[in-house]
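As they're listed, the protein sequences go chains A and B.
Quick note on numbering: the first sequence equals residues 1 to 323 in this note's numbering.
Quick note on numbering: the second sequence equals residues 1 to 348 in this note's numbering.
Mixed in with the good hints there might be a few duds.
[Unchecked claim] Quick list of simulated restraints, FRET-style, between CB atoms:
1. A:88 with B:205: 19 to 27 Å
2. B:160 with A:200: 38 to 46 Å
3. A:200 with B:332: 27 to 35 Å
4. A:203 with B:178: 39 to 47 Å
5. B:139 with A:88: 52 to 60 Å
Simulated from the structure, these hints should not be mistaken for laboratory data.
Beta carbons are placed, not taken as given, at the ideal position from N, Cα and C, and that holds for glycine.
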Amino acid sequence: MRLVLACCLWASPALADTDALLDRLILPGVAGFAQAAQALDDAAADACQPATLSPSWNTTFDAWLEIAHLRIGPQEQAALTIAFWPDERGSGRRSLARMIAEQDPMGVHPDEIAGISAAARGIFALETLLFDPAFNRYDSDSYTCSLVATLAGDLARQARDLATDWTTFAEALRHPGAAGNAQFLSSAEVQRALFTQLHGGIEFIADQRLGRPLGDGRGRPLRAESWRSGRSLRNVTLSVQAVGRMAEALADAPVPRLQAAVATALYFSGSIADPGFQDVDTPQGHLRLESLQGRVRAINTVLTEEIGEAMGLAPGFNSLDGD
Amino acid sequence: MPSRRALLAGLVATALPRPSWAEVGAPRWLACAQEPDRGHALFGLREDGTDAFRLPLPARGHAGAAHPRRAEAVVFARRPGRFALVIDCRDGRRLHHLAPPEGMQFNGHGAFDAAGDLLVTVEQRADDSEGFLGLWDARYRRLGQVPTAGLGPHEVLRLPGDVFAVANGGIATDPEDRTKLNLPEMAPSLAYLQDGVLRETVTLPADLHQASIRHLACQGGTLAMALQWEGPADRLVPLLALHRRGEPPRLASAPAPEQALMQGYAGSVAISGDEVAITSPRGGRMHRFAPDGAFLGATLRADICGLAPCPGGFLTTDGLGGVLRIRDGVAQPLALAPRAWDNHLVTL
């Protein structure tokens, strides 16, 4: 595949619609995430109990998944503190436990919360506090309660900053080669960068969201994303749909094969019995998740053939070839 | 059929005038690239980013070394390095075809001594990855080899006084498929050699033994090492180490979230004025540091790798064909050519 792509490296690219992608999906997506995070923050200011907050936390996570696959511009760094996953060594959980045990003042101070470790911030830190039985039984006047409210405020601020920074970065994408814009020198480079986001997004779903719980032949249920909140499958389906929509917008031409590949993956997701992938250590559960993974991978094949090659795109020359 | 002049030049290696770099368009840098037809070529780049020359190559190459005076470049074949070509930069003619002795492989880098009478090539013994510098005379005849005191050596750099600094990457590789064989026990080092004798070796702190030392740059008494992390992907480690002879190395890193975006990989390093820079093609960014290791900032550019000092800052090349001049972290495009630049720039 790499060689096939390389030969079309400088073929004249099909037009891709950067403006449509930005105006119809990316900018509304980041604005929607900021809005959802603000609603979570507002709710947390009133009441910090898990039962009250989990609906708006779920809405915030849903909104994040509309844009979560974008690792470009301001979101390159922001993604690390908004959604720190996978957390290989459970450092988020450990940091939160330490902060609670020590009643660390940083954890309840809005101006200092950004100084704590990335793993102890954002969507996944809130998931631990709201859904992990080792954390989520706290009183409304407890340290943990204030920590939840402070983390919700931190997340809302990050989402707001992200939306602001995206409006600036969008101009760099819209005007490649403009004075002061050496990150993108041509529209082909912008298309390549955006396409890479979509391709990387599908890869992340297949390799991480599905690959981690699938493990090395033996299922590893506790490595699933968001298993405590039971939304591992929802993360996969929402993210697949979001990438599919962005690919359609970017292509600026009918992409029937891509639509079919997305539909097939979503159909296979219907066979998953446990929305938190906790049955992946059973033969049946493992098999079904693996089938879904195959269907998700197939999206990337189509993405490359139907959109990437039409744009004359090739993977990086140096980044793929270590020296 | 060698010309009379070439024949004579072969007999009296350095006494006769041979084409100088000025005669081939006065390039300041050399770089290899892949072109749209997937062919490869060696380019000379002028200070303003324009091409001084273009010479077709038979395969993907690494612009390994440039003769200090004559317009001759040594281009190494990609791994496993079975040959290197000495190219006449006037016309692309292959003056010599260098092959390492049986059982040895070139590792993609080399350097001339200051006079241009000695070429050293970085080599590893195929069966155990033990490092050597191959020695070649002014007519590119093999003189012998000296050990580099480490495994999997990568870049060699000539320092003042014909001291050669060698980055022993520390990685033992399978001679055929280049599988990495010793990651849990790897022990990279920096070696200084003079007159074929090991003068000093430098190692990083023990918890960084999986940071492969691969590329080097030097200015004044400071040697900069670009590192590639082979340890657990979720551990954030420095990718730049600075060394002065006789002192312990100093590590340099960006703040955590920015450092993470380098993907544990620095592909080239350069020093210019009072800034040290490393590039990460995987992270699509260049990091700049002060001489004391303080982080100065990131400059973003996809697939950026080639890096060299230029007046007032750095010159970079990337896989998208860009040639950028970066001053105070601000990038100005000098050229966008239809070619993918290879990993390195060789400064003349």
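Hints versus structure:
{"no.": "1", "hint": "A:88 with B:205: 19 to 27 Å", "result": "22 Å, holds"}
{"no.": "2", "hint": "B:160 with A:200: 38 to 46 Å", "result": "45 Å, holds"}
{"no.": "3", "hint": "A:200 with B:332: 27 to 35 Å", "result": "29 Å, holds"}
{"no.": "4", "hint": "A:203 with B:178: 39 to 47 Å", "result": "24 Å, violated"}
{"no.": "5", "hint": "B:139 with A:88: 52 to 60 Å", "result": "55 Å, holds"}
Against the hints set out earlier in the document, a violation occurs for number 4 only.
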